[in-house]
Amino acid sequence: MKPWSREEVLATVQDYFSMLQYEVLGQAYNKTSHRNNLLKKIDHRSNGAVEKKHQTISSVLLELGLPYIHGYKPLDNYQNILLEVIDQYLDKEPKILSTLLNYADSTVSTPVQRDLFFADVTVVEPPLPPPLNLSKKHQTLKRMAEKYDFVDREAKNKNLVKAGEKFILEFETGRLQKEERADLAAQIKWITQEKGHRPGYNIRSFEVNGTERFIGVKTTRCGLKFPFILSKQELAFSRKKSDRYYLYRVFNFIKSPTLFMLKGRLHRHVKLIPTTFKTRF
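Residue numbering for the sequence shown follows this note's numbering, starting at 10 and increasing by one per position.
Honestly, the hints are just simulated from the structure, not real lab data.
One or more of the hints may lead you astray.
[Said to hold, decoys possible] Under the rule of at most 20 Å between Cα atoms (straight-line distance), these lysine to any residue pairs were calculated in the SDA-like manner:
#	residue 1	residue 2
1	Lys-156	Gln-97
2	Lys-272	Gly-219
3	Lys-280	Thr-149
4	Lys-61	Pro-83
5	Lys-250	Arg-274
6	Lys-145	Gln-97
7	Lys-167	Glu-243
8	Lys-146	Pro-83
9	Lys-151	Pro-138
10	Lys-104	Ser-27
11	Lys-234	Leu-84
12	Lys-234	Lys-264
13	Lys-264	Val-160
14	Lys-82	His-43
15	Lys-165	Lys-234
16	Lys-280	Tyr-255
17	Lys-145	Lys-280
18	Lys-49	Glu-16
19	Lys-11	Lys-50
20	Lys-50	Asn-39
21	Lys-156	Ile-90
Note that the coordinates shown come from a computational prediction; the quantities given were computed from them, not determined experimentally.
Could you put together the complete structure from these sequences and hints?
Listed below in structure tokens is the structure:
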């Protein structure tokens with residue numbers, strides 16, 4: 010199969026962002042209809058080829074820290090031409106970019122009430138940190154990502170932050186009640202709701218044996234590997250209380266809340282990327 014032309018890539022990118030706008034706005038759309046219309050514009054590509062191209066677009070958006078379509082799982086197998094086309098497209102379509110960035114600030118509601126013990130909430134294994142990547146493509150992605158502040162804006166979305174913490178508060182209550190430790194469940198504290206309290210974690214829960222469990226909560230409506238912001242206080246606390254600290258990453262919030270846990274020193278679990286700098290004269 011011959012390589013995709015710039016025109017084909019652009020048509021696919023336009024189609025993808027058309028669907029993505031519907032998704033972040035909570036509006037219904039038909040992927041099959043979109044794909045069939047796209048196939049009329051490109052040169053003898055199969056349904057599978059179009060599906061994979063959409064997945065590679067998701068992968069680029071994930072690297073840029075931008076939301077992507079949930080149904081197209083990121084596939085890290087793309088050429089530089091896709092980066093160029095996406096970069097140029099977003100530069101020329103500020104309204105589309107604004108829609109995506111505003112999604113980070115939008116109000117959310119707490120997910121539908123789970124069963125009594127939250128047994129239907131899926132807990133998965135955390136992803137592994139990526140290997141060191143010094144390729145030209147990766148350096149291009151880093152430069153592109155500097156344009157967008159979705160991850161930072163999502164971290165400052167107080168409504169989303171509070172909803173995610175409330176979800177974990179209820180999850181922990183259900184966990185301890187299921188273990189027949191209702192006495193401990195009644196003592197769980199939502200630390201960040203205490204005025205002026207910034208200890209480096211959000212919820213104080215317990216192990217079944219009564220040992221304290223300190224929980225930091227990070228919530229996103231995006232997928233498993235979507236980046237998040239950590240503060241110096243959170244990193245320091247994860248070192249100080251490494252035997253009792255957990256970070257709960259809640260993802261796919263609203264649609265299908267799922268979580269993974271990182272225990273102990275966060276430096277061991279994630280790749281840290283500096284985003285701010287302190288200056289001196």
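- Broken hints, numbered, in rising order? Per hint list: zero violations.
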